[in-house]
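*Asks:* Next come the chains, spelled out residue by residue.
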Amino acid sequence: QQQVKQSPQSLIVQKGGISIINCAYENTAFDYFPWYQQFPGKGPALLIAIRPDVSEKKEGRFTISFNKSAKQFSLHIMDSQPGDSATYFCAARGGGADGLTFGKGTHLIIQP
Amino acid sequence: SAVISQKPSRDICQRGTSLTIQCQVDSQVTMMFWYRQQPGQSLTLIATANQGSEATYESGFVIDKFPISRPNLTFSTLTVSNMSPEDSSIYLCSVEGGRTYEQYFGPGTRLTVT
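Taken in order, these protein sequences are the chains called A and B.
Residue numbers 1 to 112, in my numbering, belong to the letters of the first sequence in order.
Residue numbers 1001 to 1114, in my numbering, belong to the letters of the second sequence in order.
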C-alpha cells in the first residue's frame, strides 16, 4: 500500500517558470510533511516542511501548499532555475512511526 | 542541521558475504534511521535505531538480515548480511535534528553485489 502518492513522475519547466509537484496521502495520522531535493550521487537534502495546522509555508522560492481536507500537499518552485534540476521527494511522518514515508519522486528538469 | 558521514561511500561485494556500513554524526542525536534506495527509486525505511534500545524494523526487514548497532549518540552501523544481487542499493542513514521531526541524511553508501 503506497501511503504517499506523488505526481508527476517527471517534469520539464522553462527557466523562470513555476514548477509544481503534487502529493496525496492516505494516513490521516501523518503530522509532518517535508520535501527533499536529491542530486545524483548525493543524499536527500531537506528543502522545506509543513505541519497540518498551516495551509501554506514559504521559504525563498519554495512554497508548500497544504490541503488537510483533501489530504494533499504540493511544492511550488518559483522562478525555476537550471540549478533546480534534481529529483524531488515528498514525505510524511506520523501515525506512530518516527521514520518517513516517501513518495516515488519527481525528476525535474529546468530548461535554460 | 547535523553533518553526517558514512563509510564506505561505495563497495562491490560478492554474494554470500556481509558488509557493515558506518554512520557518524557531528552532534549527539537521539534518533537515527536507516533507509534503502534502490537505483532510480524512492527511499524505504529499514529501521529506527535509538541509543540504548533495540532497533525497530519495518515490515519486510529483519534483524538477521540487517543487524544494527547504536553504541552511542553519534554513531550507528548497519550490516547487510548474506548478500544477494537484490541487495544492490544505496543505503542511507539519517538523524532527527535539533528541531523536532527534521531529518537530515548522510551521503549514502552505494552497494553493488555481484
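Derived by calculation from the structure, the hints in this document are not laboratory data.
Just so it is clear, CB atoms sit at the ideal spot from N, CA and C, and this is done for glycine as well.
Worth double-checking, as some hints may not be accurate.
Estimated spans, in silico, between C-beta atoms of each pair [to be verified]:
#1 A:Asp79 - B:Val1003: 27 to 33 Å
#2 A:Gly83 - B:Val1003: 21 to 27 Å
#3 B:Phe1061 - A:Lys42: 45 to 51 Å
#4 B:Thr1017 - A:Arg51: 31 to 37 Å
#5 B:Gln1022 - A:Asp98: 32 to 38 Å
#6 B:Glu1054 - A:Gly41: 38 to 44 Å
Covered stretches of chain B (chain A as the covering partner; in silico rule of three or more C-beta atoms under 8 Å from a C-beta of chain A) [as the list claims (entries may be wrong)]:
#7 1019-1026
#8 1064-1074
*Asks:* Against each hint, give a clear statement of whether it holds in the structure.
*Replies:* Outcome of the hint check:
{"no.": "1", "hint": "A:Asp79 - B:Val1003: 27 to 33 Å", "result": "holds (30 Å)"}
{"no.": "2", "hint": "A:Gly83 - B:Val1003: 21 to 27 Å", "result": "holds (22 Å)"}
{"no.": "3", "hint": "B:Phe1061 - A:Lys42: 45 to 51 Å", "result": "violated (24 Å)"}
{"no.": "4", "hint": "B:Thr1017 - A:Arg51: 31 to 37 Å", "result": "violated (44 Å)"}
{"no.": "5", "hint": "B:Gln1022 - A:Asp98: 32 to 38 Å", "result": "violated (22 Å)"}
{"no.": "6", "hint": "B:Glu1054 - A:Gly41: 38 to 44 Å", "result": "violated (33 Å)"}
{"no.": "7", "hint": "1019-1026", "result": "violated (count 0)"}
{"no.": "8", "hint": "1064-1074", "result": "violated (count 0)"}
In this structure, the earlier hints numbered 3, 4, 5, 6, 7, 8 are contradicted, and the remaining ones agree with it.
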